[in-house]
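Trainee: These protein sequences, in sequence, are chains Y and S.
Here the first sequence stands for residues 1 to 189, where the numbers follow full-length UniProt numbering.
Here the second sequence stands for residues 1 to 189, where the numbers follow full-length UniProt numbering.
Among the hints, a few may not be true.
With a cut-off of at most 16 Å between alpha-carbon atoms, the simulated EDC-like pairs for lysine to aspartate or glutamate come out as follows [as the list claims (entries may be wrong)]: (1) S:Lys16 with Y:Asp20; (2) S:Lys7 with S:Asp91; (3) S:Lys94 with S:Asp145; (4) S:Lys75 with Y:Asp186; (5) Y:Lys15 with S:Asp145; (6) S:Lys75 with S:Asp11; (7) Y:Lys16 with S:Glu102; (8) Y:Lys15 with S:Asp91; (9) Y:Lys179 with S:Asp145; (10) Y:Lys16 with S:Asp20; (11) S:Lys179 with Y:Asp145; (12) S:Lys16 with Y:Glu108; (13) S:Lys15 with Y:Glu102.
Distance ranges between label pairs, derived from CB positions [as the list claims (entries may be wrong)]: (14) S:Lys16 with Y:Asp25: 16 to 26 Å; (15) Y:Gly35 with S:Leu60: 51 to 61 Å; (16) Y:Arg58 with S:Ser19: 47 to 57 Å; (17) S:Lys15 with Y:Asp69: 42 to 52 Å; (18) S:Met61 with Y:Asn163: 28 to 38 Å; (19) S:Ser19 with Y:Asp11: 26 to 36 Å; (20) Y:Lys117 with S:Asn107: 47 to 57 Å.
None of these hints come from the bench; they were simulated from the model.
A virtual CB, placed ideally from N, CA and C, is assigned to each residue, including glycine.
One-letter residues, chain by chain:
Number of protein chains: 2
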Amino acid sequence: MKEKIMKESIDLFDKKGFSDTSIQDIVDLIGVTKGTFYYYFKSKQELLRDIHLSYLERLLMEQKKILQDESKNYKEKLLAIIHLTVSKIKDEGKMARIVFREMRHLNEDNLNQIKMKRKEFRLNFQQILEEGVQQGEFNETIRTDILSFAILGMVNRSYYWFNPDGEISAEELSDLYLKLILEGIDRRS
Amino acid sequence: MKEKIMKESIDLFDKKGFSDTSIQDIVDLIGVTKGTFYYYFKSKQELLRDIHLSYLERLLMEQKKILQDESKNYKEKLLAIIHLTVSKIKDEGKMARIVFREMRHLNEDNLNQIKMKRKEFRLNFQQILEEGVQQGEFNETIRTDILSFAILGMVNRSYYWFNPDGEISAEELSDLYLKLILEGIDRRS
Chain Y
1 MKEKIMKESI DLFDKKGFSD TSIQDIVDLI GVTKGTFYYY FKSKQELLRD
51 IHLSYLERLL MEQKKILQDE SKNYKEKLLA IIHLTVSKIK DEGKMARIVF
101 REMRHLNEDN LNQIKMKRKE FRLNFQQILE EGVQQGEFNE TIRTDILSFA
151 ILGMVNRSYY WFNPDGEISA EELSDLYLKL ILEGIDRRS
Chain S
1 MKEKIMKESI DLFDKKGFSD TSIQDIVDLI GVTKGTFYYY FKSKQELLRD
51 IHLSYLERLL MEQKKILQDE SKNYKEKLLA IIHLTVSKIK DEGKMARIVF
101 REMRHLNEDN LNQIKMKRKE FRLNFQQILE EGVQQGEFNE TIRTDILSFA
151 ILGMVNRSYY WFNPDGEISA EELSDLYLKL ILEGIDRRS
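Okay, chain Y solo, but in the shape it has when bound:
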């Protein structure tokens, strides 16, 4: 039931927004009482936090596997993380939109907890850039801190415009991002 409440709430939050969705709306949709809701979640706030946590913790788990994969060089790790992020947006678009749009409706404690998770993801990403520089795979003059914000900003923003059923697949989009990030668009002679 907890999973079901989460799933249906994600639908509602995506359609109407977090603020304009009431617990009543959620339980009406599932056909249970408010008591059932409160058995699993202390509040709508706790539910929103759990949606964020569920999304981010799975991302972090997958990211960790990529970090530890000794068969990949740093360019391959970069591509794998880009692909991970785009795939999550493809597979869990509604949840992704809530995670990117409704963060501001988290209360202070929950917001801090979620910001820590996001920061962890970003710093892991930065570590790949730094180690890639050390290994001679990336240009040693790059600002790995700013570039982590920049690249993740670009990739995350796919949630807004990327249509997984469109002409370009998640794999192709990830390859295009990687090519831009590695080579840029300058014409070389």
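Starting from the structure of chain Y, add chain S where the hints point.
Mentor: This is chain S only, laid out in the frame that chain Y set:
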């Protein structure tokens, strides 16, 4: 008075969110009656639309100047538009946050109007990439459509993390974006 209502509403929407701000909150802050509000805006919805329009129309006007500037080559135009976008985020951070966060609270007609403006900005950007390819400044194999989404996504996302009072200025950030977009991070021998 219209300007004042807009300015104070931007403060409130930024702090509390659009949904959780009432017209009463707005008029209380300014010390006028609801009648005054309704003299200038039919509804909170119209006010939100006007905030979006005001932000986007000024961006489009500045963008047009850059497009028509014959003294600049396409790389310079690219940098000028990146810098324009980052500077707006720097100078009008609150308004930028509303434009990026509260779009979903626009009703259908207003949303369509705003989406048209955003699309206009994106297609103008794409035109720079295309003409730059034709002029031999950018690599002719790039997907200018996807790259327009990608680059604007990256640059716009600065609203979320860029601190104009921090270590990096808007100019420096724009230069870093340009360098990434032109050259990439691959180590060249």
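Trainee: So, against the hints stated earlier in the document, which numbers end up violated here?
Mentor: Numbers 3, 5, 6, 8, 16, 19, 20 - these are the hints that the structure violates, sorted from lowest upward.
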